[in-house]
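*Asks:* Turn these sequences into a full structure, and let the hints guide you.
Protein sequences, first through last, are from chains A and R.
Here the first sequence stands for residues 1 to 114, numbered as in my numbering.
Here the second sequence stands for residues 1 to 116, numbered as in my numbering.
Don't read these hints as lab results, they were simulated from the structure.
On a predicted model such as this, the values are computed, not experimentally measured, just so you know.
Heads up, some of the hints might be wrong.
Estimated spans, in silico, between C-beta atoms of each pair [what the hints assert, rightly or not]:
#  : chain 1 : residue 1 : chain 2 : residue 2 : range
1  : A       : Ser58     : R       : Glu1      : 21 to 27 Å
2  : R       : Glu52     : A       : Gln22     : 35 to 41 Å
3  : A       : Pro29     : R       : Thr114    : 35 to 41 Å
4  : A       : Asp39     : R       : Lys22     : 20 to 26 Å
5  : R       : Pro69     : A       : Gln72     : 38 to 44 Å
6  : A       : Pro114    : R       : Lys18     : 30 to 36 Å
7  : R       : Val12     : A       : Gln9      : 41 to 47 Å
8  : R       : Thr114    : A       : Gln22     : 30 to 36 Å
9  : A       : Gln72     : R       : Ser62     : 45 to 51 Å
10 : R       : Lys22     : A       : Gln72     : 37 to 43 Å
11 : A       : Arg61     : R       : Val55     : 36 to 42 Å
12 : R       : Lys40     : A       : Pro29     : 38 to 44 Å
Beta carbons are placed, not taken as given, at the ideal position from N, Cα and C, and that holds for glycine.
This is what each chain is made of:
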Amino acid sequence: KNQVEQSPQSLIILEGKNCTLQCNYTVSPFSNLRWYKQDTGRGPVSLTIMTFSENTKSNGRYTATLDADTKQSSLHITASQLSDSASYICVVSARSGGYNKLIFGAGTRLAVHP
Amino acid sequence: ETGVTQTPRHLVMGMTNKKSLKCEQHLGHNAMYWYKQSAKKPLELMFVYSLEERVENNSVPSRFSPECPNSSHLFLHLHTLQPEDSALYLCASSQTAVERSYNEQFFGPGTRLTVL
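*Replies:* What follows is the structure, given as structure tokens:
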């Protein structure tokens, strides 16, 4: 069964600190992995997309890594800001040979405190 | 803003009401999607439209009825809903519905639906 599991479920950090969010997946055949940021009351916004051959991708203070062998990904946030408070969703796309098949994780809720 | 708008942003309805959610994308995309997001649960895909044709219906109850009159607009018609249907309903669009590595989906802000 295709699944995406994220940890931790929630996280509180102080402003300026770094943090790392984890994503494990059992999706086959794998196409790509995406990280989305979702602010409260808004839709998800894409941060990074990585294919099988990419093992790291950065977007400003956000750096995503992918280990296709262990089927794990992480999202590292550097020098956190209050505006980083949001849910971070890991999404894996299955290669279906047809239409997009996205499998969503339940998200990690991050709170950055001053 | 992502280029995908949704109205209304909030909706409260009784179980016997009929209402519609509207989604519009200004990105020139050919595919549009409806998702349901319940608290602490992953997004659930409901429907996929490609060039105004429904290509996926994810076992959604018939009390949810989608409509795609053109590639820029998507509606979700609601009737005789249940309290467990209360959730955030998200619309998204992408260049194509066909699986491709960088076929990014752009989401609207969602409609927060409460069924009493």
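*Asks:* All hints, please: hold or fail.
*Replies:* How the hints compare with the structure:
no.	hint	verdict
1	A:Ser58 x R:Glu1: 21 to 27 Å	24 Å, holds
2	R:Glu52 x A:Gln22: 35 to 41 Å	40 Å, holds
3	A:Pro29 x R:Thr114: 35 to 41 Å	39 Å, holds
4	A:Asp39 x R:Lys22: 20 to 26 Å	22 Å, holds
5	R:Pro69 x A:Gln72: 38 to 44 Å	43 Å, holds
6	A:Pro114 x R:Lys18: 30 to 36 Å	46 Å, violated
7	R:Val12 x A:Gln9: 41 to 47 Å	29 Å, violated
8	R:Thr114 x A:Gln22: 30 to 36 Å	33 Å, holds
9	A:Gln72 x R:Ser62: 45 to 51 Å	40 Å, violated
10	R:Lys22 x A:Gln72: 37 to 43 Å	39 Å, holds
11	A:Arg61 x R:Val55: 36 to 42 Å	37 Å, holds
12	R:Lys40 x A:Pro29: 38 to 44 Å	29 Å, violated
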